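Engineer: Listed below, chain by chain, are the residues.
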Amino acid sequence: EAGVTQFPSHSVIEKGQTVTLRCDPISGHDNLYWYRRVMGKEIKFLLHFVKESKQDESGMPNNRFLAERTGGTYSTLKVQPAELEDSGVYFCASSQEFRQGAGNTIYFGEGSWLTVV
Amino acid sequence: GQSLEQPSEVTAVEGAIVQINCTYQTSGFYGLSWYQQHDGGAPTFLSYNALDGLEETGRFSSFLSRSDSYGYLLLQELQMKDSASYFCAVYTGFKTIFGAGTRLFVKA
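Protein chains in written order, with our numbering: chain A, 10 to 126; chain B, 17 to 124.
Rather than coming from a laboratory, the hints here were simulated on the basis of the structure.
Model, not experiment: these values are computed from the prediction.
Among these hints, one or two may not hold up.
For the chain A half of the interface with chain B, some residues (derived, Cβ under 7 Å), not all of them [said to hold, decoys possible]:
| id | residue |
| --- | --- |
| 1 | Phe54 |
| 2 | Leu55 |
| 3 | His57 |
| 4 | Lys60 |
| 5 | Glu61 |
| 6 | Ser62 |
| 7 | Asp65 |
| 8 | Asn72 |
| 9 | Leu75 |
| 10 | Phe117 |
| 11 | Gly118 |
| 12 | Glu119 |
Idealized CB from N, CA, C, for every residue including glycine.
Pulled out of the complex, with its shape left as it was, chain B reads as follows (with noise of 0.2 Å):
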């Protein structure tokens, strides 16, 4: 089968730098993706790494390793408006799976 696993939930303070781990298991694997959801709204789109590596997109950064079947997510400098929900995904060449999310609580 075709699984992504993520923890379920993580809670940190202000400020601080919180990392959103993911591993796959898939049949296919063109890219990992990540995508935040918050309460009542649409998924949105965050990052896409295709080749192993940090990519940096501001105070968010993704990190893929394909040997590994591995990424995480990195949120730095976290604020308030960070809580939400953190979904992996990969593309798998035909279409995109996603993992059950996990949900940051950022606390004061």
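Excised from the complex, chain A in its bound form (with noise of 0.2 Å):
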């Protein structure tokens, strides 16, 4: 079964430009995530998805990130103008339903890299 998948792997872009990030989430899983970590710092939160829908995009940083889901399958996260904060790992992630007792194991891609100079 193949894993959550992200494209690309590593991006060098500069200020002001736009750069769209890919996820495929594993197949079956309605619930994908994005998260992003920068060096030495926690992997927060940007939002959830539940199917086409946006559940939650508390974590968004500002207008500059717009995040889709088409048809409830891959997802796109697209920043727009970059700047140099925006540096980082983004991770996407997915997860079928919450379980009780067994919770909510997510899983995660190997990220996008992303790098604004």
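From these two lone chains plus the hints, build me the complex, please.
Structural biologist: As structure tokens, then:
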């Protein structure tokens, strides 16, 4: 079974440019999350989709970030225009529904490393 | 606000036992998870505690005290391959919040 896949794995762009990150979750997982980690900091929650609907986008830093999930399948995260502080690793993750006792195991992709110069 | 506190770094020798603590303050609590991340890789699930007590999975054990808002990950018989970052995470019922991670260095 394929895991969570992300593209691109690495991206270096100039300040002011646009970058779009793509995530393909594990097949059958309705829950899709975007997280970001800046060096040495926490894995910070950005937003959560349930199928194609945004369940929680409270972690999105500002309106330069736009996430979509087409048809409840893959998701994209667009940063436009990118700023220096947007640099970090963007993780996509997916999960099945929460199960009492088993929790909400999240399966992560390997991340998209974004460097804004 | 919501926060999870864990040490930034721990160093131990091969074969030893190490405990990584996590205290949390969140609006809502369903359970505490631990994830391992090797450099450049994806965080991977290790354990989940919904109830108080100790859960053992091989060399790794995880403990939770809900009344103290505290948990820990215990790694026994440390191996070099255990060198990684370890994150505690709380599922609040709405989302999963992660700590900043503990970098574990295992020395020979």
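Engineer: Determine for every hint whether it applies to the structure shown.
Structural biologist: Checked hints:
no., hint, result
1, Phe54, "holds (6 Å)"
2, Leu55, "violated (10 Å)"
3, His57, "holds (6 Å)"
4, Lys60, "violated (16 Å)"
5, Glu61, "violated (18 Å)"
6, Ser62, "violated (14 Å)"
7, Asp65, "holds (6 Å)"
8, Asn72, "violated (20 Å)"
9, Leu75, "violated (19 Å)"
10, Phe117, "holds (4 Å)"
11, Gly118, "holds (6 Å)"
12, Glu119, "holds (5 Å)"
This entry does not satisfy hints 2, 4, 5, 6, 8, 9, going by the numbered hints stated previously.
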